[in-house]
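Asks: What follows is each chain in one-letter form.
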Amino acid sequence: MTALLETRGVWQRFGGLVANSDVSISVGRGEIVGLIGPNGAGKSTLFNLIAGVLPPTQGSIWFDGEDVTALPAAERCQRGVGRTFQVVKSFETMTVIDNVIVGALMRNTVMREARRKAHEVLEFTGLAARADVLASDLVPAEKRRLEVARALATEPKLLLLDEVLTGLTPTEAQTGVALVRKVRDAGITVLMVEHVMEIVMPLVDRAIVLDLGKVLVEGKPTDVVRDPKVIKAYLGDRHAVSA
Amino acid sequence: MDKHFAARRRRDLVIAAVLAALAALAPLFIKDVYVQNILILTLMYAALSQSWNILSGYCGQISLGHALYFGIGAYTTELLFTKFGVLPWFGMLAGGVIAAVIAMGLGYPFFRLRGHYFVIATIVIAEIGLLLFQNWEWAGAAMGITIPVRGDSWLKFQFMRSKLPYFYFALVLCSVAWFVTWWLEDSKWGFWWRAVKDNPEAAESLGVVVFNSKMGAAAVSAFLVAIGGAFYAQFLAYIDPESVMGFQFSLLMALPAVLGGIGTLWGPVLGAAILIPMTELTRSYIGGSGRGVDLIVYGALIVAISLALPRGLVSLFSRSKAKGATR
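If you're matching them up, the sequences are chains A and B in order. Heads up: the first sequence at position 67 corresponds to 67 in this note's numbering, and the numbers run straight through without jumps. Heads up: the second sequence at position 144 corresponds to 144 in this note's numbering, and the numbers run straight through without jumps.
For the record, the hints were derived by calculation from the structure and aren't laboratory data. Some clues are possibly wrong.
[Stated by the list, open to error] Selected chain A positions facing chain B (in silico; Cβ < 7 Å):
| id | residue |
| --- | --- |
| 1 | ARG13 |
| 2 | GLY15 |
| 3 | GLY16 |
| 4 | ALA70 |
| 5 | GLN86 |
| 6 | PHE91 |
| 7 | THR93 |
| 8 | MET106 |
| 9 | VAL110 |
[Unchecked claim] From the derived model, a few chain A residues whose C-beta atoms are all more than 12 Å from chain B:
| id | residue |
| --- | --- |
| 10 | ILE97 |
| 11 | ASP132 |
| 12 | GLY167 |
Keep in mind that this is a model prediction, so the values were computed, not measured. For every residue, glycine included, the Cβ atom is placed at its ideal position computed from N, Cα and C.
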């Protein structure tokens with residue numbers, strides 16, 4: 001079976017800075033894959049390349065058996081790529097339900113259908129009680145959930161989650177983890193960038209570690225956390241030796 | 001779950017129908033030509049502001065150059081009428097279409113600009129349009145065009161004896177602009193526009209083609225404003241560049257919406273209902289001294305309302321109903 005998402009030899013340079021160098025990763029259908037790495041490893045850049053915010057300097061991106069390298073974000077959404085933003089980007093002057101309707105209109109052109117779909121997604125994500133509240137009045141954890149809800153309303157095949165669990169209280173994070181599992185159980189593949197290792201590691205099927213713009217290690221989360229290269233990248237040489 | 005929403009939509013429609021019916025009856029009681037004149041202008045600016053609100057309020061692309069489309073509507077109608085004998089009704093539609101096409105042509109480069117840069121571009125373009133018409137000999141240049149009097153007729157949309165036909169046309173135009181907004185508000189376009197206004201990047205990630213939605217908003221907005229321009233030209237029976245394309249029109253389209261509530265369904269109507277009579281009354285009662293006292297009072301009132309109600313006059317109504325309503 002072909003992978004749902006594949007990056008083939010992707011490079012991204014910003015002037016003299018190489019954010020991604022020769023990154024080739026793949027995400028299979030139904031997986032939850034974690035993209036981790038220290039600050040400045042190039043995670044967010046790779047994420048934006050996959051979502052279509054900017055085209056890679058070199059290399060290609062394949063989604064669902066199709067080369068999508070040249071497609072802008074809106075068309076990738078149409079192909080089935082949904083995303084959230086690290087810094088939440090809610091439609092602040094709109095209500096929660098209206099925020100989600102924008103996403104639902106991607107596949108439902110009739111307003112009534114889109115509205116019904118949006119309510120369904122709010123139920124799914126546990127935001128139903130907040131439907132008529134302005135997005136600007138939500139607490140941070142709810143805003144994160146709204147990001148997920150909006151993306152889910154576009155009925156994606158692949159959901160890109162950009163640090164949705166970061167900065168939450170342990171209880172909120174656990175609710176978030178449960179939601180990600182529920183999303184996968186609904187048949188949606190998940191690729192998530194995350195910092196909080198102890199939360200993300202039990203959740204993902206596979207972890208990809210980026211460091212200095214390159215893929216450092218890739219594998220089962222339990223193996224990855226013990227890998228000397230990963231420990232070195234995160235904590236420095238001394239700790240790697242003692243491990 | 002959607003009962004509130006559907007009920008609110010229906011309530012808006014009923015209120016609008018009642019208001020329109022009451023307005024239609026107004027001339028039965030108001031015989032004073034001066035007051036009728038104010039009513040006509042109020043309705044016209046309500047319609048214009050409602051149209052401006054589509055691009056600038058809902059879609060968030062603040063234009064201070066809509067005088068251009070107003071002027072294009074006026075000039076297209078009168079040039080076609082005086083040079084080719086085309087009836088104003090067709091001229092009006094032609095003006096609307098031309099304005100929409102020009103709006104999209106201008107949008108192509110300028111919708112890449114954001115925020116203040118976009119606003120500045122709209123002002124500059126409208127000024128260029130004004131200068132072009134001031135120097136265009138065939139279109140009467142700075143002298144303008146006098147519309148030949150052919151007697152009162154609906155066919156030629158010309159009335160000298162009574163202002164009432166203009167009043168009813170303005171009422172219809174205002175109702176149409178309101179209804180179009182009402183209809184668009186709960187459509188894919190309406191949602192796309194509000195998303196684009198709030199956060200274009202997030203909108204793009206949800207499949208919204210940001211550029212196209214701006215183009216759509218610009219076309220609808222310019223079309224309706226041009227119809228207003230055509231009406232105004234017929235109403236004045238004389239046009240010159242400054243009197244249909246001057247910067248003040250751009251402002252007078254923006255102000256009612258801003259004052260009433262930008263990006264809201266009722267904002268423009270409410271704003272125009274207060275602002276336009278206020279403009280006329282301050283001018284006639286305390287103007288004329290040559291010292292500009294009317295403008296000081298007028299300006300002070302605008303500042304006072306903006307300070308007291310930064311989200312516009314509509315917030316007076318929505319605040320009490322915020323609970324239970326969709327918005």
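Asks: Give a verdict on every hint.
Replies: Against the structure, the hints:
no. : hint   : in the structure
1   : ARG13  : violated, 22 Å
2   : GLY15  : violated, 22 Å
3   : GLY16  : violated, 26 Å
4   : ALA70  : violated, 15 Å
5   : GLN86  : violated, 12 Å
6   : PHE91  : holds, 4 Å
7   : THR93  : holds, 6 Å
8   : MET106 : holds, 4 Å
9   : VAL110 : violated, 9 Å
10  : ILE97  : violated, 8 Å
11  : ASP132 : violated, 6 Å
12  : GLY167 : holds, 19 Å
Violated hints for the displayed structure, listed by number in ascending order: 1, 2, 3, 4, 5, 9, 10 and 11.
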